[in-house]
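Visitor: With the hints as extra help, turn the sequences into a complete structure.
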Amino acid sequence: MEEVKNKLKEFFMSDLGVDGSVLNFDTALFGDEIGLDSVDSLEIISFVDDTFGVSMTGVDKENFQSIDTIAAFIEKNKA
Amino acid sequence: MSTMNIYEISERIAQRPPFQMIEKVTELVPNESATGIKNVCVNEPYFMGHFPGTPIMPGVLIVESCAQLCSLVIEHKPEDLDDKLYVLLKIDGFKFVKPVIPGDQLEITVNKTKGGGVIVGFDCVVKVNGNLHAKGSLTFTSIPKDSLGK
Numbered sequence: 001m002e003e004v005k006n007k008l009k010e011f012f013m014s015d016l017g018v019d020g021s022v023l024n025f026d027t028a029l030f031g032d033e034i035g036l037d038s039v040d041s042l043e044i045i046s047f048v049d050d051t052f053g054v055s056m057t058g059v060d061k062e063n064f065q066s067i068d069t070i071a072a073f074i075e076k077n078k079a
Numbered sequence: 001m002s003t004m005n006i007y008e009i010s011e012r013i014a015q016r017p018p019f020q021m022i023e024k025v026t027e028l029v030p031n032e033s034a035t036g037i038k039n040v041c042v043n044e045p046y047f048m049g050h051f052p053g054t055p056i057m058p059g060v061l062i063v064e065s066c067a068q069l070c071s072l073v074i075e076h077k078p079e080d081l082d083d084k085l086y087v088l089l090k091i092d093g094f095k096f097v098k099p100v101i102p103g104d105q106l107e108i109t110v111n112k113t114k115g116g117g118v119i120v121g122f123d124c125v126v127k128v129n130g131n132l133h134a135k136g137s138l139t140f141t142s143i144p145k146d147s148l149g150k
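If you read the protein sequences in the order shown, they are chains F and D.
Residue numbers are given in the numbering used here: position 34 of the first sequence equals residue 34, and the series is strictly consecutive.
Residue numbers are given in the numbering used here: position 21 of the second sequence equals residue 21, and the series is strictly consecutive.
In case anyone wonders, no lab produced these hints; they're calculated from the structure.
Each residue gets a CB set at the ideal place from its N, CA and C atoms; glycine is no exception.
No false leads were slipped in.
Non-contacting residues of chain F with respect to chain D, defined by C-beta distances greater than 12 angstroms in every case (computed):
| id | residue |
| --- | --- |
| 1 | 6 |
| 2 | 7 |
| 3 | 23 |
Keeping only pairs whose Cα atoms sit at most 30 angstroms apart, straight-line, the calculated DSS-like set for lysine-lysine is:
| id | chain 1 | residue 1 | chain 2 | residue 2 |
| --- | --- | --- | --- | --- |
| 4 | D | 112 | F | 5 |
| 5 | D | 135 | D | 114 |
| 6 | F | 61 | D | 84 |
Guide: This is the structure in structure tokens:
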């Protein structure tokens with residue numbers, strides 16, 4: 001689980017330009033602080049699909065709240 | 001690897017003059033990469049205003065040329081074209097290293113870097129006479145046509 005979270009954090013920093021110093025595993029990704037948008041959510045879906053083989057297309061937005069919730073969804077749904 | 005002339009290109013993309021910005025495809029590997037040509041002519045309408053007496057091809061139209069070549073690389077299922085449209089989602093790190101002027105022949109190369117699922121990404125390089133004039137990355141997604149305007 002930690003490995004999944006670290007890979008996600010690395011992706012947010014390198015591909016989505018998020019400042020790692022304010023990004024914790026429970027930080028709200030789409031709130032005021034990080035401020036991701038719907039274009040970023042498509043990039044997250046693509047990264048999770050390519051990296052972990054888990055499809056997040058059409059899943060509830062609660063699963064995208066933080067690195068914690070995305071990692072939990074991946075753990076629950078990976079083959 | 002295959003090639004395409006203007007007639008074959010027009011069968012695959014919806015854009016038409018004066019907004020058709022790839023005239024020949026010299027190399028095409030479906031879903032992977034392509035090299036295409038755009039000849040830049042002084043008669044193109046945008047040169048009237050960009051700029052009067054000093055024609056320079058607008059950078060956004062160089063990006064559009066790259067985008068049209070990318071759309072030729074993405075393989076569509078025929079049934080998808082009825083209800084889906086591939087649209088530009090993101091432009092990253094584009095640099096316009098040297099101006100493009102009438103008489104230049106753009107040799108554009110695009111290579112797919114990610115996707116196949118919800119998004120498709122490409123690295124694009126634009127050269128004239130072998131010299132780099134522009135480069136950057138483009139990302140596309142598909143949307144349902146019936147979602148437009150809603």
